[in-house]
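Using the sequences and the hints given, assemble the complete structure.
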Amino acid sequence: MVPVEYYLVLSAAVFSIGLYGLLTRENALFFLMSVELMLNAANINFIAFSAQWGNLTGQTFSLFVMALAAAEVAVGIGIILVLYRNFKDVDVTVPQEMRW
Amino acid sequence: MAGAFDYALAIAVLPFLSFCLAVGVALSGRDLLPKGGALPGIAATGGSLLLSAWVFLTVSGGETYNETFYTWAAGEAATGSLSEPLTLSFGMLLDPLSAMMLLIVSLVALLVHVFSLGYMNDEGETGLPRYYAGLGLFTASMLGFVLADNLLMAFMFFELVGLCSYLLIGFWFRREGPPSAAKKAFLVTRFGDYFFLIGVVAVFATFGTAKFAGEHSFPRIAEHALAGEATVNTFLGLEPAAWFTVIGLLVLGGVIGKSAQFPLHTWLPDAMEGPTPVSALIHAATMVAAGVYLVARMYGFYALSPTALAIIALVGAFTALFAASMGLVKDEIKQVLAYSTISQYGYIMLGLGAGGYVAGTFHLLTHAFFKALLFLGAGSVIIAMHHNEDMWEMGGLKERMPVTYYTFLAGSLALAGIVPFAGFWSKDEVLYEALVHGLGTTSGLGTALLVAYGMGLLAVLFTGFYTFRMVMLTFHGEPRSETAREAAEGGWNVKLPLIVLGILATTVGLVNMTPVADLTGMHDIELLNMWLSGAPESVSVEQYHHLLEEFGGIHAADVPSYLAGGLSLALALVGAGSAYVLYGGADPEPHTEKLGSLRGVLYNNYYQDEYQVWLAENVVLPLSKVADVFDQAVVDGVVNGVSSVSLFGGSRLKRVQDGLVTHYAAMLTLGLTVLLVGFAVYGGWF
Amino acid sequence: MLIETLIGFAFVAALVTFLVPDEVAGRVGAALSVVPLVGTLWLWAQFDGSGNALTGGTLAFETKFDLLTLSGYQVQWFTGLDGISLPLVVLTAFLTTLAIVSAWTPIDSRQSQFYGLMLFMEANLLGMFTALDFFMWFVFWEATLLPMYFLIGVWGGPRRKYAAIKFFVYTNVASLLMFVGFIALTFGGLGDSIDTLSLPAVAMALEAGGNVGSFMGLGPEALKLVAFLAMFVGFAVKVPVAPLHTWLPDAHVEAPTPASVMLAGVLLKMGTYAMLRFNFTMLPDIASDLAILIAALGAFSVIYGAILALAQEDLKRIVAYSSVSSMGYVLLGLVAFTEFGVAGATFQMIAHGLISGLMFMAVGVIYNTTHTRMVGDMSGLADRMPVTVGILIAGAFGYMGLPLMAGFAGEYFIFVGSFHSTVIPSAPLFTAVAMFGIVIVAGYLLLAMQRTLFGPFSLDADYEVGRAPFHDVAPLAVLLLAVIALGVKPDLFLDMILNAIAPLVGGGA
Amino acid sequence: MVTAPPMTPTYLLGLTALAVLLYDSLRTDDGGAGVLTGISVVGALASLGTAGWFLTADTGLVAGMSEFSGAVVVDGMSLFFTALFAAVTVLVTLGAHDYDPIDGKRGELYGLVLLAATGMSVMASANSLATAFVALELASLPSYALVAFLKQDRGSTEAGLKYFLIGALSSAIFVFGISLVYAATGSLLLPDIAAAFESGLGERTGIAGVGVLMIAGGVAYKTASVPFHFWAPEAYEGAPAPVSAFLSSASKAAGFALAFRVFVVGFPLGAATSAGIDWALLFQILAVATMVLGNFAAATQDKVKRMLAYSSIGHAGYVLIGLAALSAEASTNGDVMGAAMAHLFVYGFMNTGAFLFVALAENWGVGRRFEDYNGLGAEKPFAAVAMTAFLFSLAGVPPLGGFFSKLFLFAGAVDAGLWWLAVIAVINSSLSLYYYSRVVRALWFEEGDHDLSGAPTALYAALAIALVGTVVLLPGFGPVIETAQEAATALFA
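Heads up: the protein sequence lines correspond to chains A, B, C and D, in order. Sequential numbering from 45 applies to the first sequence in the numbering used here. Sequential numbering from 7 applies to the second sequence in the numbering used here. Sequential numbering from 4 applies to the third sequence in the numbering used here. Sequential numbering from 9 applies to the fourth sequence in the numbering used here.
Calculated directly from the structure, the hints in this document are not laboratory data. Cβ atoms here follow ideal geometry from the backbone N, Cα and C, with glycine treated the same way. Some hints could be false.
Footprint (simulated), chain B over chain C, 3 or more residues, beta carbon under 8 Å [as the list claims (entries may be wrong)]:
1) 33-45
2) 410-416
Covered stretches of chain B (chain D as the covering partner; in silico rule of three or more C-beta atoms under 8 Å from a C-beta of chain D) [said to hold, decoys possible]:
3) 326-332
4) 369-380
5) 661-670
Below, the structure is given as structure tokens:
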């Protein structure tokens with residue numbers, strides 16, 4: 045059996061990749077994807093430790109997370125659509141009228 | 007049975023009521039009173055005079071009065087360094103000194119009121135209710151001051167006197183000069199009063215009481231303290247004797263201010279901007295007299311301190327000489343009189359400082375009458391000259407205004423100190439006291455008194471000269487202007503006061519003819535001396551003699567008084583004679599020109615005014631401007647600076663929010679990372 | 004419940020006035036303000052308190068009940084009067100009515116709001132002077148700032164916004180500082196040894212001594228010192244004590260006259276009143292230790308304020324700086340810890356309240372007529388408005404400390420009291436320095452009067468200058484009479500003040 | 009005897025949301041705004057009333073009652089916060105009734121607001137990290153939509169985008185934190201996590217620590233605390249003003265409700281601290297950073313709404329004291345946290361009121377800058393008086409509600425020994441007076457020239473309610489603080 049610490053490293057790596065993508069990408073859709081990665085990093089933890097602790101809480105919760113991620117994307121896509129309509133772009137760095 | 011003392015308070019209250027009435031009339035803005043309020047004033051001062059006379063008679067019957075009638079403020083407990091609760095009260099001290107002064111003040115005030123009918127009413131002045139209100143309050147304040155049984159009450163009325171002088175000197179407020187002079191008078195005397203007030207406070211703090219007379223009076227306690235029979239608070243680590251000297255000198259500050267002694271004399275000549283009757287009142291009986299009266303009133307305290315006495319004598323003598331020298335060159339009649347006032351009060355100070363309590367009081371008495379006379383006479387001249395005061399425009403008024411001339415002459419003789427006019431006797435006695443005590447006293451005080459005597463003697467010469475220069479220029483010779491040629495004397499209200507005062511100026515000196523007494527051995531004729539001896543023990547002449555010898559170390563040498571009197575008389579005659587020679591002609595020349603630059607110095611009063619004005623305008627005002635700039639720039643600058651720095655900080659801080667969402671995410675991550683690392687290290691997680 | 008009724012009435016009156024039409028607001032406000040005035044006079048007549056409210060004296064008109072609990076402390080509604088607060092309460096009601104009447108001429112817009120705010124301020128001031136629970140007191144204390152902020156900001160002069168916000172923020176920061184100091188002392192220092200923050204409870208707990216614990220890493224003595232300084236500085240801004248005074252000239256110059264009257268007349272006294280109650284009653288030992296500094300600060304304020312007044316060209320600025328100067332005396336008197344020092348300081352609060360109110364009002368009447376306050380713009384006003392000028396002169400002499408007027412009484416008591424103080428080292432020197440203020444004050448007031456009131460009439464403006472209307476002058480005359488009455492008979496208040504301050508005398512020695 | 013389910017207030021909010029959506033989709037005409045507002049207000053009021061009833065009547069709920077196998081708990085704190093959310097919902101829906109930019113889309117707006125309120129209410133009840141996350145998302149997702157509600161408006165879109173992006177990142181961090189805590193303790197139920205903390209985490213302390221910090225991050229996002237605050241200025245500025253009001257009051261309170269329970273119940277301070285996870289210290293740092301940044305940045309704004317946004321961040325800093333001043337042994341924990349709750353309650357009125365005034369101003373079309381408000385006091389005295397009261401209350405000027413709640417809060421900090429935190433808070437509070445009074449200055453001191461349409465009734469009513477809530481707290485503050493402190497104390501039992 046794979047030691048549980050490996051899963052932690054994996055999830056941390058996935059989380060970091062997501063974070064990196066989020067910080068470097070300017071396209072809103074990539075932004076969304078990066079967030080998905082980060083959520084899935086959490087899911088890795090849930091599932092791995094669910095197995096390790098021997099209860100189903102983690103696995104069940106990972107389902108919740110996925111569902112909520114979907115909902116989040118739905119709202120996100122909606123906002124990106126409006127963004128495109130108003131700014132003619134899906135670049136998240138374009139809207140910076142409000143600052144300071 | 008109700009006696010004079012039961013009504014004594016009314017002496018001060020009556021003029022106050024006339025003040026209230028006049029203020030009411032002034033406020034109404036209508037001409038409600040005949041003569042613009044003069045009649046109530048005359049009635050009130052007349053009443054005061056009668057009551058004063060009654061008090062005088064009662065006192066001469068050997069009765070005195072020293073009671074508190076109103077407690078102004080009273081503490082409940084002994085606090086600080088005091089050993090008993092403080093009580094600040096009003097009371098009356100009616101003894102020979104105050105009774106005499108009451109008489110002088112109310113008489114002069116009455117005559118000034120009468121004279122004002124001629125000087126103000128007949129000249130068609132406006133604002134008469136205001137004028138008479140001022141006179142009323144002035145009289146009331148001075149009478150209150152004279153009645154005072156303690157130093158605080160005295161101070162309070164002293165200040166009110168200052169207020170009244172301000173109001174009356176500035177009576178013609180629509181002109182430029184009078185308001186300025188009024189301000190100066192108040193301000194300069196206020197400067198003196200500052201020290202006086204410290205003195206009053208110090209007296210309370212030291213003795214717990216400020217009463218003048220009685221066993222529980224501060225001079226008495228001080229005496230006991232010096233004798234080692236009582237303990238008092240002293241401050242600043244001083245011994246009682248030194249501390250009492252300090253207190254005495256502090257109070258003296260007020261005296262110097264009010265009595266126009268050097269160096270606070272500068273207000274007085276300017277005060278001539280006021281109506282002439284007011285000048286008479288100020289100079290003869292009220293404001294200026296208040297200062298020296300105060301010294302006499304608390305003489306028992308000054309007698310304890312040789313240093314204070316020496317300073318009083320030196321200041322007095324120097325002022326006498328100094329002012330007299332300036333009087334030599336003045337062109338305006340009232341200016342000459344003004345400097346003569348300063349000079350004469352210098353004599354009074356000299357007398358008091360020299361241990362001549364009776365002499366100083368005597369000169370105060372005689373001076374009150376002859377100076378009032380001279381001012382009213384000058385007022386009469388000024389009326390005739392249509393308010394032109396320049397003596398070079400006058401001349402030859404003798405024929406046109408005989409009453410004025412003869413009374414003025416009487417006053418001048420008195421001022422110059424020519425026998426047998428009033429001033430001779432009193433001035434002579436002052437100088438005599440200075441001489442004998444100067445010779446008899448071995449300490450530094452003796453030397454000081456001799457120096458003072460010398461200056462006083464020289465001033466006699468000057469006095470004789472400027473007095474007769476004034477008389478010659480004004481009344482003798484040929485008229486030097488159209489107005490002078492057409493001058494005419496005023497009505498009864500001008501003449502009556504002049505005559506009354508003329509008689510007094512001629513005769514009042516006879517009440518204390520010490521030289522005659524010495525010559526004849528008839529000491530019964532030293533009426534004033536006897537009169538003042540009739541005081542309660544704590545304020546009697548004998549007590550003062552005792553104190554002067556015991557604590558002041560003053561002793562009298564044996565010099566015949568008629569010798570000293572003869573010397574000063576001779577000097578006065580020399581002065582008067584030279585004035586007659588120089589200015590007695592039909593068309594005198596302005597000989598003062600020959601003095602050259604010295605004349606400039608004298609004419610400009612040794613630049614005393616200039617340096618004081620310079621101090622005010624070039625030191626104090628710029629200093630205040632600098633302080634203002636400092637306040638705005640630095641003190642307020644710090645306040646505004648704190649706000650600016652905060653706002654600047656805010657404006658920088660908000661730049662973090664630069665509008666780029668990727669930056670937000672980066673900073674968010676960075677922040678979280680820092681926290682994570684920090685806590686991981688701090689908590690030792692891994 | 005009399006006090007509560009009065010405060011409540013003032014609040015209701017404020018609301019009513021706020022709602023009536025502008026045209027009648029001035030009259031309505033004045034009429035309504037008479038009720039608290041009569042009420043406080045009734046309080047005065049019926050006053051039966053004795054001793055000091057904070058040291059276990061008998062309170063007059065006491066009311067007390069619990070409101071809520073704060074961190075283990077009962078917050079109470081607790082009001083009552085002693086000989087220190089009663090005069091200030093009377094002063095407040097008296098000046099409010101007069102200030103309202105004096106506003107009839109100058110206030111020509113949004114009247115109902117103006118008079119409503121004046122009454123609102125009165126209500127809070129009455130509450131502030133009567134409240135004996137710290138929280139109630141603090142609420143009223145702060146709430147007085149609000150109306151003044153608006154009075155300056157809305158009806159003020161050209162730089163009113165700057166002045167209003169400066170006043171508001173500066174004094175609020177000071178209040179918070181004081182608040183922190185007090186809370187540190189009570190919460191931190193006294194801890195559980197008290198169960199309410201009523202001022203008497205705190206004062207008596209501190210008096211008992213030894214109750215103060217350590218807090219904020221400070222030992223009991225250091226904590227007391229820090230708390231004392233925080234409170235002192237907080238109140239010093241309000242007084243104001245130089246160099247914390249710079250909000251005052253701006254506020255005064257910009258404020259409309261009636262607001263200046265209240266500001267100088269009552270609001271400044273809040274600072275000294277609070278100092279007396281807090282610093283000098285609760286921590287007399289610290290005050291005594293710092294006496295030399297406080298006395299120096301008092302003397303410095305006197306002289307510095309006076310010198311600044313000398314440099315001013317604006318009549319209101321002159322009076323404003325002279326307030327700084329006059330309040331310096333109060334500080335000196337308080338720290339003397341002698342009977343006449345402390346009582347004189349309290350008396351001076353009243354006296355200065357009346358006189359500065361009078362001066363501001365008189366300057367206001369002149370401004371109403373001439374539309375300028377600059378000394379250089381006018382001269383010879385005595386010719387055109389003799390009655391106003393007459394009263395102004397009388398008031399100015401009152402300010403200079405003319406005997407038989409209230410100002411002299413207050414100043415003299417202070418001088419006597421501080422001179423023989425055993426708490427201030429070298430007390431005579433400090434007293435003498437401070438006393439020099441009486442010379443400078445005469446200097447600048449006489450100079451300003453000479454330039455504006457006397458000489459030939461001239462005015463740098465196109466205004467007809469005539470006599471002021473009766474309702475402008477009447478308040479001046481009333482104030483002048485009050486000033487003289489108090490000067491002739493200080494016992495109107497002095498007796499009760501002496502009685503109330505007796506426990507404070509001696510300081511921490 | 010009627011026995012209502014303990015979650016009734018939450019249910020009522022959710023049902024009202026459904027009712028609004030149902031009516032909105034069934035109605036045929038374009039009108040019906042009144043009905044929609046009516047349903048929302050009545051529903052929210054019903055929820056408020058029930059919560060109040062549960063709180064005050066002797067229902068035994070204040071002590072706490074678990075639902076759904078312990079995933080949810082109803083207790084004094086949850087009821088207190090639910091009442092707060094319901095009250096803010098009433099104000100916001102009432103105020104939005106007259107808010108013109110959302111004409112024709114009120115159904116959606118009210119529905120989303122009510123749904124978000126439901127989510128917040130669940131957040132206050134969440135006794136498990138799972139519930140917490142779900143509730144958080146239930147509150148957040150409608151909020152994103154609400155901020156971006158004005159689809160034609162670039163500002164609203166930009167605000168929505170930023171809010172969403174930061175929100176997504178934060179929720180990812182939050183959920184990752186949950187996963188780590190789960191990894192360390194093996195449970196998502198707070199009591200179980202607490203038990204695991206108490207019994208020692210062993211070598212998984214680090215994992216738990218990172219998890220706790222990340223959960224704190226998620227909470228910080230919701231409460232707009234540094235460094236998760238970046239969305240707030242833009243979101244509040246760009247969103248329709250009623251939405252800003254809702255978010256800055258209710259959403260912030262919800263974040264705190266969650267934080268209070270999760271940290272106090274889930275990560276007992278004593279055990280956490282001894283394990284090296286001193287989250288009180290963390291919140292002290294966050295509190296200082298948050299109030300300083302919020303207040304200083306607010307001081308130099310030139311748009312009123314953005315100033316209010318920053319001030320809202322500043323207030324989050326004050327409320328964080330409620331967590332920062334906790335300590336393991338102290339008996340005062342309930343007091344200080346109760347004070348924080350009371351401040352949130354008062355804040356719910358005064359801050360909502362202030363944003364509603366901004367809504368009113370937007371309706372009048374006077375512009376957003378300070379100087380655009382010039383002279384409104386003279387023209388619309390009632391609204392301006394209300395705004396003035398809100399602002400001074402926010403600044404903590406007596407005798408307004410904000411003074412009392414700040415007082416109790418700062419006093420609590422002093423009581424807990426964190427006097428320096430109180431001092432910083434006081435300094436910030438005095439700075440805040442400056443920028444709040446700038447609005448007051450514009451309203452009253454400046455002269456302005458506006459052509460203002462009338463006084464919208466519902467918006468005025470909302471202002472009046474908020475005003476009453478702000479001012480009447482003067483005498484009525486006792487019950488509020490007592491309830492809050494009682495509820496908070498129960499949490500530590």
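Next item on the list: Provide an ascending list of the numbers of those earlier hints which the structure does not satisfy.
Entry: 1, 3, 4
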